[in-house]
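S.K.: Let the sequences and hints guide you as you build the complete structure.
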Amino acid sequence: MTISTSTELICFLILSSVIVSGGLGVVLIENIVYSAFLLGGVFMSVAGLYLLLNASFVAAAQVLVYVGAVNVLILFAIMLVNKKEVMKPIKGLKLRKFFSGCVCAGLLALLFRVNIITNWATPGPQAIGEIATERIGEHLFTDYLLPFELASVLLLMAMIGAIVLARRDVISIELETTKSIQENIINNSTDNVLLNQSND
Amino acid sequence: MFTTLKIVFIAVVDTGLDLEISFNHLLQGIGLPSSIAHLLWLPLPMLLVLTASLIGVLVTVWLERKISAAAQQRIGPEYAGALGILQPVADGLKLLVKEDIIPKKADSLLFTLGPILVLIPVILSWLIVPFGQNLLISNVGIGIFLWIALSSIQPIGLLMSGYASNNKYSLLGGLRAAAQSISYEIPLALAVLAVVMMSNSLSTVDIVNQQNTAGLLSWNIFRQPVGFLIFWICALAECERLPFDLPEAEEELVAGYQTEYAGMKFALFYLGSYINLILSSLLVSVLYLGGWGFPIPIDLITHSLGQSPNAPVIQIIAATIGIIMTVFKTYLLVFLAILLRWTTPRVRIDQLLDLGWKFLLPISLVNLLFTAALKLAFPIAFGG
Chain A
0 MTISTSTELI CFLILSSVIV SGGLGVVLIE NIVYSAFLLG GVFMSVAGLY
50 LLLNASFVAA AQVLVYVGAV NVLILFAIML VNKKEVMKPI KGLKLRKFFS
100 GCVCAGLLAL LFRVNIITNW ATPGPQAIGE IATERIGEHL FTDYLLPFEL
150 ASVLLLMAMI GAIVLARRDV ISIELETTKS IQENIINNST DNVLLNQSND
Chain B
0 MFTTLKIVFI AVVDTGLDLE ISFNHLLQGI GLPSSIAHLL WLPLPMLLVL
50 TASLIGVLVT VWLERKISAA AQQRIGPEYA GALGILQPVA DGLKLLVKED
100 IIPKKADSLL FTLGPILVLI PVILSWLIVP FGQNLLISNV GIGIFLWIAL
150 SSIQPIGLLM SGYASNNKYS LLGGLRAAAQ SISYEIPLAL AVLAVVMMSN
200 SLSTVDIVNQ QNTAGLLSWN IFRQPVGFLI FWICALAECE RLPFDLPEAE
250 EELVAGYQTE YAGMKFALFY LGSYINLILS SLLVSVLYLG GWGFPIPIDL
300 ITHSLGQSPN APVIQIIAAT IGIIMTVFKT YLLVFLAILL RWTTPRVRID
350 QLLDLGWKFL LPISLVNLLF TAALKLAFPI AFGG
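Protein chains in written order, with numbering that gives the first Met the number 0: chain A, 0 to 199; chain B, 0 to 383.
Any given hint might turn out to be false.
Stated by the list, open to error - List of simulated lysine to any residue pairs, SDA-like, C-alpha gap at most 25 Å:
1) Lys104/B x Ile73/A
2) Lys97/B x Ile119/B
3) Lys167/B x Glu129/A
4) Lys374/B x Val102/A
5) Lys93/A x Ile31/A
6) Lys103/B x Ile28/A
7) Lys103/B x Tyr33/A
8) Lys357/B x Arg166/A
9) Lys357/B x Ala131/A
10) Lys167/B x Ala68/A
11) Lys167/B x Gly136/A
12) Lys96/A x Ala108/A
13) Lys104/B x Ala254/B
14) Lys167/B x Glu98/B
15) Lys104/B x Ser34/A
16) Lys167/B x Ile77/A
17) Lys357/B x Leu79/A
18) Lys93/B x Val60/B
19) Lys167/B x Asn30/A
20) Lys104/B x Ala120/A
21) Lys104/B x His138/A
22) Lys374/B x Met158/A
23) Lys357/B x Ala161/A
24) Lys374/B x Phe140/A
25) Lys167/B x Glu29/A
26) Lys374/B x Glu129/A
27) Lys104/B x Phe265/B
28) Lys167/B x Met78/A
29) Lys357/B x Met158/A
30) Lys103/B x Met78/A
31) Lys104/B x Asn30/A
32) Lys357/B x Leu241/B
33) Lys103/B x Lys96/A
34) Lys93/B x Leu46/B
35) Lys357/B x Ile159/A
36) Lys65/B x Ser272/B
37) Lys374/B x Ala68/A
Unchecked claim - Each pair of labels, with its calculated beta carbon distance range:
38) Ile323/B x Leu155/A: 45 to 55 Å
39) Trp119/A x Gly28/B: 37 to 47 Å
40) Met156/A x Ala376/B: 31 to 41 Å
Note that these hints are calculated values from the structure, not bench results. Think of the CB as a built atom: it goes at the ideal place given N, C-alpha and C, for glycine as much as any other residue.
M.R.: Structure follows, in structure tokens:
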């Protein structure tokens, strides 16, 4: 075994153990902030796996999109709405936990079965390494153009939806009032949005 | 067989100084196998770059103290060494020996992890900073994109330390830092994209080479003046320098996410912000000011002097000029950043977000479109 293959093996073992234990931590830890930070760790380790597979562009994109954007937004949301709230005790919580555990175990068993019966040894195409970036670009603008454009339309719709949801109170008020929009947001911030709606 | 072929190939293609090959030759001359020589080589450039960045921080801190003193008509540090040049060392030593305090109600694990997460991506980004054709740690293909990806990890560390401090000011500072760095990352990436479009490569070495065809005239700052301004503003915002130091605005937030930190953990934040400033200046000089390029192309000078560019002495002189040029351009930009810090007022948080989303983002999109159009219209001048 040469130095590079053994290094690769050690890296793979470390990364996959971090992914598995981090993933379990995300689900099982009660403190939601810890879960969010662990999720960031899991995303980073997945990026590491991409690096091991010689896909550096995908790894960097994974870090940029999942760690830099998705995870930061999750953390942002958690920290902005960090209200201490006494949860109502749910009936039959233990039974529910048991059933969801059963579903997860079933899925895991299915994945194991797929893992065992599939013949993984078929040689795929060679990893193209550094020119992968150009190849991804070519595909995005030729045979994957339609899915690419559809995804962008979907994102636009999501963005408009988010803006409408966030500014619902501004849209519903009459703009003839002399109050500026900013003022209205401040005044209405303590009101319950849903209550307002039912009054209208 | 393969390695000798590779060396011959590199020697034909590259004219610059390559220390790795010389080092490997030296060790193989002693009788070590090439794999061991490679292993022995690996830590050397990393250590060198780490040391260089730390010394860069010391110089920048000294400059900041001296220039701020000049801006406020004071003398500044004077007694520690000539012209107070040892003052940053004294500052560093003081931080090293201070007591490391973790507040009682803070989350000690996240509190410790936060500053580390802030510092590591910044240092890792030095991987792609070139000081010469072969004078960088690794010429990875995704180059500048790696820096953009790594710099997006930093807000997680800031949020972490803001949250773990269990302090309202810290949390607000951390949230502001994350909001600021998310909103300025987009125009920054779009400005970089315009440069990448012109040089047809993400690699920093290729970006510099493409600018050094005709010396000063071919630098990107003349082809991308708007992009240069956008990048510089966004870089200042990402470094949290005045006029964009909202996350640690003293008058509003005590010291933002750093409020509860002391000793070495505070020093990590301090180091991180200064290394980030130097890194941003380096990348501005790489992307827009021709990197290691001399205003007059080195090849032209050697030809007019009748020297071969492959002679060892010429190679060493060229590499030295390259390093000096990179550092000179970088410190020019650091000087500009320090002057800006001590002469401009701070913007408000809503002004900051408005500037990022409503002004810089559309402008950088227009800049990108314009660059694409110019590239199609004048492929000679804009890298067809």
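S.K.: Against this structure, judge whether each hint is valid.
M.R.: So, going through the hints one by one against the coordinates:
Between Lys104/B and Ile73/A the alpha-carbon distance is near 24 Å, which keeps this suggested pair within the 25 Å criterion. Only pairs whose Cα atoms come within 25 Å are accepted, and Lys97/B paired with Ile119/B is accepted, the gap being roughly 22 Å. Taken as a hint, the Lys167/B and Glu129/A pair is broken in the structure, with Cα atoms around 46 Å apart against an allowance of 25 Å. Proximity of Lys374/B to Val102/A is assessed by CA-CA distance (about 56 Å); at most 25 Å being required, the pair is judged violated.
Note on Lys93/A and Ile31/A: the hinted pairing holds, with a Cα-Cα distance of about 20 Å set against a maximum of 25 Å. For the proposed pair Lys103/B and Ile28/A, the alpha carbon gap of about 23 Å is at most 25 Å, so the pair holds. Restraint check for Lys103/B and Tyr33/A: satisfied, since their Cα atoms lie roughly 19 Å apart, inside the 25 Å limit. A C-alpha spacing of about 17 Å is found between Lys357/B and Arg166/A, which places the hinted pair at or below 25 Å, so the restraint holds.
Distance restraint check for Lys357/B and Ala131/A: the Cα-Cα separation of roughly 34 Å exceeds the 25 Å cut-off, and the hinted pair is therefore not satisfied. Between Lys167/B and Ala68/A the alpha-carbon distance is near 24 Å, which keeps this suggested pair within the 25 Å criterion. The straight-line distance between the Cα atoms of Lys167/B and Gly136/A is roughly 45 Å, outside the 25 Å bound, and the hint therefore fails. For the hint pairing Lys96/A with Ala108/A, the CA-to-CA distance comes to about 18 Å; that is within 25 Å, so the pair holds.
Taking the CA atoms of Lys104/B and Ala254/B, the gap is near 19 Å; set against the 25 Å cutoff, the hint holds. Distance check on the hinted pair: Lys167/B and Glu98/B sit about 23 Å apart at the alpha-carbon level, within 25 Å; holds. Proximity of Lys104/B to Ser34/A is assessed by CA-CA distance (about 20 Å); at most 25 Å being required, the pair is judged to hold. Taking the CA atoms of Lys167/B and Ile77/A, the gap is about 15 Å. The hint holds against a cut of 25 Å.
Only pairs whose Cα atoms come within 25 Å are accepted, and Lys357/B paired with Leu79/A is accepted, the gap being roughly 23 Å. Annotation: proposed proximity of Lys93/B to Val60/B holds, straight-line Cα distance about 14 Å (limit 25 Å). Proximity of Lys167/B to Asn30/A is assessed by CA-CA distance (about 19 Å); at most 25 Å being required, the pair is judged to hold. Simply put, Lys104/B and Ala120/A have alpha-carbon atoms about 54 Å apart, too far for the 25 Å limit, and the pair is violated.
Restraint check for Lys104/B and His138/A: the C-alpha separation of about 53 Å exceeds 25 Å, so the hint is violated. Only pairs whose Cα atoms come within 25 Å are accepted, and Lys374/B paired with Met158/A is rejected, the gap being roughly 31 Å. For the hint linking Lys357/B to Ala161/A, the alpha-carbon distance of about 18 Å falls within 25 Å, and the restraint holds. For a cut-off of 25 Å, the pair hint linking Lys374/B to Phe140/A stands: about 19 Å separates their Cα positions.
Our distance criterion of 25 Å between C-alpha atoms is met by Lys167/B and Glu29/A, whose separation comes to about 23 Å. Between Lys374/B and Glu129/A, the direct Cα distance comes to roughly 24 Å. Compliance with the 25 Å bound is thereby established for this hinted pair. Of the supplied pair hints, the one linking Lys104/B and Phe265/B holds, its CA atoms being roughly 18 Å apart against a limit of 25 Å. In summary, the hint linking Lys167/B to Met78/A is supported, as the alpha carbons are separated by about 11 Å, within the 25 Å threshold.
The straight-line distance between the Cα atoms of Lys357/B and Met158/A is roughly 16 Å, inside the 25 Å bound, and the hint therefore holds. Proposed proximity of Lys103/B and Met78/A is supported: the alpha carbons are some 21 Å apart, at most 25 Å. At most 25 Å may separate the alpha-carbon atoms for a hinted pair to count; Lys104/B and Asn30/A meet this at roughly 16 Å. In summary, the hint linking Lys357/B to Leu241/B is supported, as the alpha carbons are separated by about 20 Å, within the 25 Å threshold.
This hinted pair does not check out: Lys103/B and Lys96/A have alpha carbons roughly 35 Å apart, beyond 25 Å. Of the pairs offered as hints, the one joining Lys93/B and Leu46/B holds, with about 24 Å between alpha carbons and a cut-off of 25 Å not exceeded. Note on Lys357/B and Ile159/A: the hinted pairing holds, with a Cα-Cα distance of about 16 Å set against a maximum of 25 Å. For the suggested pair Lys65/B and Ser272/B, the alpha carbons sit about 18 Å apart, so the restraint of at most 25 Å is met.
This hinted pair does not check out: Lys374/B and Ala68/A have alpha carbons roughly 31 Å apart, beyond 25 Å. Distance hint for Ile323/B and Leu155/A: a CB-CB separation of about 49 Å, consistent with the stated range 45 to 55 Å. For the hinted restraint 37 to 47 Å between Trp119/A and Gly28/B, the CB-CB distance of approximately 45 Å keeps it satisfied. Met156/A and Ala376/B have their C-beta atoms about 35 Å apart, which keeps the hinted 31 to 41 Å range intact.
Of the hints listed earlier, those the structure fails to meet are numbers 3, 4, 9, 11, 20, 21, 22, 33, 37, in rising order.
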